[in-house]
Amino acid sequence: MSAETSVPRPRESDVDVTDSALLNGLMGQTPFALAFFDTKGRFLRVNDVFADVVGVAIDGLVGRLPSETLAADLTALIEGAFRTVVEEDRGIHDGDQRVRVRTPDGETRHWSLSFSPLRDEKGLLRTVALIGADITESRQVEEDLRRSEERYRSLVEAQSQLVWITSPSGAVVEDAPRWRAITGQGLEEYLAHGWLDVVHPDDRQHTEEAWREALRGRTMFEWNYRVRTRASGYRHFEVRAVPIIRHGRVVEWVGANTDVTPQREAEEMRGRLTDQLGAAALRTARLQGATAILAEALTVEQVVQVIIDVGRTAVAADKSAVALLDSERPVLKLINGTGVPDVPGFPGDEIPLSQTSVMTMAVNSRRPVFAESPESLATQLRDAGADDETISRFTGHDEERAWVGLPLLAAGRALGALRFSFTRPQKISQEDGVFLEALAGQCALAVERATLFEREHRTAETLQRSLLPDRLPVVPGLMLAQRFRSGSRHVQVGGDWYDAFVLQDSRVAAVVGDVMGKGVTAAAGMGRIRNAMRALALTNPPPAAVLTGLDRVFEATEDEEQVTTLAYMVVEPGTGEGTLALAGHPPPVLVSPQGVPVLCDAEPGTPLGWAASRKQFRFCVPPGHTAVLYSDGLVENRKRGLDAGLAELCSVVQEAPPEVVGSPHLLLDFLVDRMLAGYEQDDDVTVLAIHVPDATKSD
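Residue numbers (this note's numbering): 46 to 744.
Treat the hints with caution; some may be incorrect.
What the hints assert, rightly or not - Simulated pairs of lysine-lysine, BS3-like, Cα-Cα distance not exceeding 25 Å:
#, residue 1, residue 2
1, Lys472, Lys364
2, Lys472, Lys378
3, Lys378, Lys364
If you are wondering where the hints come from, they were derived from the structure by calculation, not from laboratory data. Quick caveat: nothing in here was measured; it's all calculated off a predicted structure.
Work out the full structure, taking the sequences as your base and the hints as a guide.
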């Protein structure tokens, strides 16, 4: 755009530039730069504005040629325009003559120059007039507009946007080359409503309805749809269009489509990864949970129950079964057979390895068996050599539609197999297979650990019971009773023991001991201490002497870490007179005929093997009274400390009925039942009663 439109074209007339009043008024008041030239091209008159623009004083211009006073580039422009006016007898008013000058304060200004011929009344050229207009502001506006357009164009291109325009009715009336380059449509195919033809069929109807709704309501159109590309694939686009409204009427719609395919694909990928990570985290959590539960299972029975629970929760199986290899025969023995159909011709709790089934295939191949449907199972059974009857037996089972067989392997050795079945076809992914194999590995370790535990447990229990006396001695004037309740149902065999025997002087020795620890080691230690104590008591029966001797035996035969406690007393039948010595053991309780308990206040001493001067104390069991020796399993457990247990023992004694108090056998049953009620037994319980009958009863 040129600034010359604001400059009035000089009227060709017989103006006399020598008219001082007119010329001075014009040149002094106008904001334009004015200069007049004679026919030779010399300056006749200039105003202050022109002199400021060219940076030359008026006196230095008048009467001189531009080449004598002005810069070369400005001289060339003025002289060229002057020759055009003179030679072609026409003015120059198209704004092509533009100059850029720098003001004294360093600012750059832009000027547009116009040249006009001035004639006298006879039509002779007398003067050429130069009029300069400052177009700096308009030039800046043009530059800003150009930059804005460039920025908008660059922004649209950078965002992969497709800009389009429609009529007020929504029909495409202008070409959109980028749209057609992507879709491969011709111009005629694209115009009007042809763009809908390349929208995905599933999106087309809803897109058209939404577009028409925006047209009716004259509201912004925001939508997304898939567009068929030239390569016959589809890409996702987000579209936004706005109505252009003038004087209350829509004159056109302008819209832009943005290709969001990469974002959509990234979102879908993130979604899939999130699902996969979530599933992996869930499988890991389930495996960790199963491992933690299996670690607490001690017996094979407990392990099998955990496996069944895990199959229901972590695997979502409808039925689960566990079978272990027989140690002597090539058969799988079902630990629980609820999830396995009967195999014709064989006992219900055994499956020979020669009989093809889900479990035997897993054991024989040492690999998992995944059958996602009856057809898949039939194929695998047939490949393993099963006959049609066996195949129909499995695949015809209406309740089962998918199967998983997992070998239980420990160091490459097969222990048995797991079997999970489902009442619906089950898709088993690679990740699911890895999880199931890891689960089978943990189950195999648990089964092996439980098998070893049960074997050691049986050995230790046999050893422990073989070391306990078959029966207590029968002595006139004294009644003995014992109760031994093993904690072996839930824990390993401990080292609790008791003994009673008649000394050479007819007195009776009674002892309850506890070798700390579990298993065969504790049971063997208990046997050594018991035998040593018998030998020492028969040789030198006073309790202090026996404990001193046991200390020496303990130091010679037992480990320093081994802790052994005992309560040992010698009592005279009939009178109940006796002595007692404790080696770190809980104190005996004396129960009167009225059911009043009294805890012995004798010094508890230290466990065997600890350097100490052993002491013995008088401990009398008057006629009608009962002394009760016991191991700490009676009064102490995970939820009850020793002090609380002793207090509770006294309370239980006071609750015993008279007929219970008078019978040592009934009293022990009462104490054991009441003291263990409400608690999980986590240790052996050993109790020994020494009752001295009343004189009348003994007679």
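Hint by hint, here is what the structure shows:
1. Lys472 with Lys364: 17 Å, holds
2. Lys472 with Lys378: Status violated; Cα separation ~29 Å.
3. Lys378 with Lys364: Judged against 25 Å, a Cα distance of about 17 Å means the pair holds.
In this structure, the one hint that does not hold is number 2.
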